[in-house]
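Engineer: So the sequences go chain by chain: A and B.
Mapped onto the numbering used here, the consecutive letters of the first sequence carry residue numbers 1 to 114.
Mapped onto the numbering used here, the consecutive letters of the second sequence carry residue numbers 1 to 114.
Watch out, some of these pointers could steer you wrong.
What the hints assert, rightly or not - Not close to chain B: a few residues of chain A, all C-beta gaps over 12 Å, as computed: (1) 12; (2) 14; (3) 18; (4) 31; (5) 66; (6) 74; (7) 76.
Claimed, not checked - Here's a subset of chain A near chain B, in silico, CB distances under 8 Å, partners left out: (8) 29; (9) 32; (10) 39; (11) 42; (12) 43; (13) 44; (14) 46; (15) 50; (16) 60; (17) 106.
Simulated from the structure, these hints should not be mistaken for laboratory data.
The C-beta atom is built at its ideal place from N, Cα and C for all residues, glycine as well.
One letter stands for each residue in the lines below.
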Amino acid sequence: LAKTTQPISMDSYEGQEVNITCSHNNIATNDYITWYQQFPSQGPRFIIQGYKTKVTNEVASLFIPADRKSSTLSLPRVSLSDTAVYYCLVGDAGRGSTLGRLYFGRGTQLTVWP
Amino acid sequence: KAGVTQTPRYLIKTRGQQVTLSCSPISGHRSVSWYQQTPGQGLQFLFEYFSETQRNKGNFPGRFSGRQFSNSRSEMNVSTLELGDSALYLCASSLEGQSTDTQYFGPGTRLTVL
Chain A
1 LAKTTQPISM
11 DSYEGQEVNI
21 TCSHNNIATN
31 DYITWYQQFP
41 SQGPRFIIQG
51 YKTKVTNEVA
61 SLFIPADRKS
71 STLSLPRVSL
81 SDTAVYYCLV
91 GDAGRGSTLG
101 RLYFGRGTQL
111 TVWP
Chain B
1 KAGVTQTPRY
11 LIKTRGQQVT
21 LSCSPISGHR
31 SVSWYQQTPG
41 QGLQFLFEYF
51 SETQRNKGNF
61 PGRFSGRQFS
71 NSRSEMNVST
81 LELGDSALYL
91 CASSLEGQST
101 DTQYFGPGTR
111 LTVL
């Protein structure tokens with residue numbers, strides 16, 4: 001089971017760029033890296049997914065180095081509403097199993113201050 | 001397209017009772033996963049169903065069970081409830097349950113065991 005390690009918490013101010021790094025030393029060749037966001041009392045919400053190098057969408061960028069043992073979620077110009085828990089997941093295909101083996105971990109609590 | 005729905009949203013039970021939670025996935029999604037979220041353990045995978053078959057199972061006791069119907073709707077059951085079962089139970093659906101599939105989470109069912 002491919003596990004991930006993230007900082008427990010991070011603080012930022014409105015308008016700043018936030019980078020959250022995740023370690024996944026045991027990532028397998030076929031694994032993808034996915035990030036989710038969760039607000040209190042809600043289910044997690046998909047943010048971005050990537051395999052290597054850089055992926056960008058309308059809300060975030062994902063940077064993955066060549067060895068893929070870590071990844072960095074970048075949130076540009078955060079606002080108060082970005083205060084949430086961010087989870088880094090690595091897809092573990094395992095013995096033919098698929099999504100069911102995703103490990104959410106404890107995530108990173110991002111707090112954005114005015 | 002309607003999102004993932006879970007019923008009930010809140011539930012209060014006493015120790016020893018059993019409970020059934022329901023999840024309706026997004027139309028067309030065949031994979032349904034269940035997660036338990038607690039402040040102490042974070043978000044933990046319970047099991048995943050695909051085409052009415054349990055395909056993956058997390059490390060939970062046999063008191064936790066589930067099933068999926070032909071229309072992909074899923075239920076999970078917890079028997080002989082314990083105080084420690086108090087948690088937010090989240091259901092997520094995806095197209096095929098592949099690790100690259102985006103999971104869409106429901107709002108969760110908040111279970112309180114007294």
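Engineer: Can we keep the residue 32 of chain A interface hint, with Cβ of chain B closer than 8 Å?
Structural biologist: Holds, because the Cβ-Cβ distance from residue 32 of chain A to chain B comes to roughly 5 Å (cut-off 8 Å).
Engineer: Check the non-interface label on residue 76 of chain A: least C-beta distance to chain B beyond 12 Å or not.
Structural biologist: With a cut-off of 12 Å, residue 76 of chain A remains clear of chain B, as the shortest Cβ separation is near 22 Å.
Engineer: Regarding the hint that residue 42 of chain A lies at the interface with chain B, is the smallest CB-CB distance below 8 Å?
Structural biologist: At about 6 Å, which falls below the 8 Å cut-off, the nearest Cβ of chain B leaves the hint on residue 42 of chain A intact, so it holds.
Engineer: Using the nearest Cβ pair, does residue 43 of chain A come within less than 8 Å of chain B?
Structural biologist: holds, 3 Å
Engineer: With chain B as the partner, please determine if residue 60 of chain A meets the hint condition of a C-beta pair closer than 8 Å.
Structural biologist: violated, 14 Å
Engineer: According to the definition I'm using, a residue is off the interface if its beta carbon is farther than 12 Å from all beta carbons of the partner; does residue 74 of chain A meet that for chain B?
Structural biologist: holds, 20 Å
Engineer: With a cut-off of 8 Å on the beta carbons, see whether residue 44 of chain A makes it to chain B.
Structural biologist: Hint on residue 44 of chain A: holds, closest Cβ of chain B at ~5 Å, below 8 Å.
Engineer: May I ask you to check that residue 66 of chain A keeps its beta-carbon over 12 Å from the closest beta-carbon of chain B?
Structural biologist: holds, 20 Å
Engineer: Just to be careful: measuring from the Cβ of residue 46 of chain A to every Cβ in chain B, is the smallest value less than 8 Å?
Structural biologist: Constraint on residue 46 of chain A satisfied, holds at 5 Å.
Engineer: If we take the beta carbon of residue 14 of chain A, is the closest beta carbon in chain B still more than 12 Å away?
Structural biologist: holds, 27 Å
Engineer: Per the stated criterion, does the least C-beta distance between residue 18 of chain A and chain B lie above 12 Å, as a non-interface residue requires?
Structural biologist: Check passes; 21 Å lies beyond 12 Å.
Engineer: Hint check: is the beta carbon of residue 106 of chain A less than 8 Å from a beta carbon of chain B?
Structural biologist: Cβ of residue 106 of chain A sits 4 Å from chain B, so the hint holds.
Violated hints, in rising order: 4, 8, 10, 15 and 16; the structure is consistent with all others.
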